[in-house]
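**Q** To convert a position in the sequence shown, counted from 1, into my numbering, add 9.
It is possible that some hints are incorrect.
Said to hold, decoys possible - Quick list of simulated restraints, FRET-style, between CB atoms:
| hint | residue 1 | residue 2 | range |
| --- | --- | --- | --- |
| 1 | Ala-34 | Ala-65 | 39 to 49 Å |
| 2 | Ala-34 | Phe-97 | 25 to 35 Å |
| 3 | Ala-86 | Leu-31 | 15 to 25 Å |
| 4 | Arg-92 | Glu-42 | 18 to 28 Å |
| 5 | Gln-60 | Glu-88 | 42 to 52 Å |
| 6 | Thr-24 | Thr-101 | 21 to 31 Å |
| 7 | Gly-20 | Leu-40 | 12 to 22 Å |
| 8 | Gln-13 | Asp-35 | 26 to 36 Å |
| 9 | Asp-37 | Lys-71 | 44 to 54 Å |
| 10 | Phe-97 | Trp-55 | 13 to 23 Å |
| 11 | Lys-71 | Asp-35 | 36 to 46 Å |
| 12 | Glu-14 | Asp-37 | 27 to 37 Å |
| 13 | Gln-13 | Ser-93 | 11 to 21 Å |
| 14 | Gly-28 | Arg-92 | 18 to 28 Å |
Please keep in mind that the hints were generated in silico from the structure rather than gathered at the bench. Just so you know, even glycine gets a beta-carbon here, dropped at the ideal spot from N, CA and C.
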Amino acid sequence: MTEQENAYERGARETVELGNRLADADPDAELGEIADGLLAGAIQYWLYANQPCGDANCEECKPLCTAELRLEAMRNALEDFARSSEYFHTPTDFDAGRA
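Please build the complete structure, drawing on both the sequences and the hints.
**A** Structure representation (structure tokens):
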């Protein structure tokens with residue numbers, strides 16, 4: 010880990026490393042099942058970490074003050090993370106151009 014690696018980068022890197030360790034430990038495991046488990050855990054942690062503080066006047070919590078607002082924020086984050094991934098578009102996508 011570099012000195013400049015922040016909590017976000019460390020969390021993302023360690024999640025990928027955990028997925029790789031789980032896959033290496035069980036070569037017969039479906040990668041999609043491992044990924045689903047990691048995603049389910051990440052969602053649980055995200056929801057836990059983004060609970061409102063309980064103060065109805067807290068400006069910081071207003072964007073996340075209801076379950077529906079938290080779900081919307083999580084969907085937005087998910088889309089941003091997915092679109093910025095090097096794996097979002099792959100050569101094997103059915104809509105990939107072929108020359």
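**Q** Run every hint past the structure and note whether it holds.
**A** Now for the hints, and whether the structure bears them out:
Checked against the given bound of 39 to 49 Å, the beta carbons of Ala-34 and Ala-65, roughly 47 Å apart, stay inside it. For Ala-34 and Phe-97, the Cβ-Cβ distance of about 27 Å falls inside the hinted range of 25 to 35 Å, so the restraint holds. Between Ala-86 and Leu-31 the C-beta distance comes to about 23 Å, which sits within the given range of 15 to 25 Å. Range check, Arg-92 to Glu-42: about 24 Å between beta-carbon atoms, so the 18 to 28 Å window is met.
Range check, Gln-60 to Glu-88: about 22 Å between beta-carbon atoms, so the 42 to 52 Å window is missed. Judged by the Cβ atoms, the range 21 to 31 Å given for Thr-24 and Thr-101 holds: they are separated by roughly 24 Å. Our hint of 12 to 22 Å for Gly-20 and Leu-40 holds, since their Cβ atoms are close to 20 Å apart. Distance hint check: the CB atoms of Gln-13 and Asp-35 are about 34 Å apart, consistent with the given range 26 to 36 Å.
Checked against the hint of 44 to 54 Å, the pair Asp-37 and Lys-71 passes, with Cβ atoms roughly 47 Å apart. At about 20 Å, the beta-carbon gap between Phe-97 and Trp-55 stays in the expected band of 13 to 23 Å. Range check, Lys-71 to Asp-35: about 44 Å between beta-carbon atoms, so the 36 to 46 Å window is met. Between Glu-14 and Asp-37 the C-beta distance comes to about 33 Å, which sits within the given range of 27 to 37 Å.
Remark: the range hint 11 to 21 Å for Gln-13 to Ser-93 is upheld by a beta-carbon distance near 19 Å. Between Gly-28 and Arg-92 the C-beta distance comes to about 20 Å, which sits within the given range of 18 to 28 Å.
The earlier numbered hint that this structure contradicts is number 5, and it is the only one.
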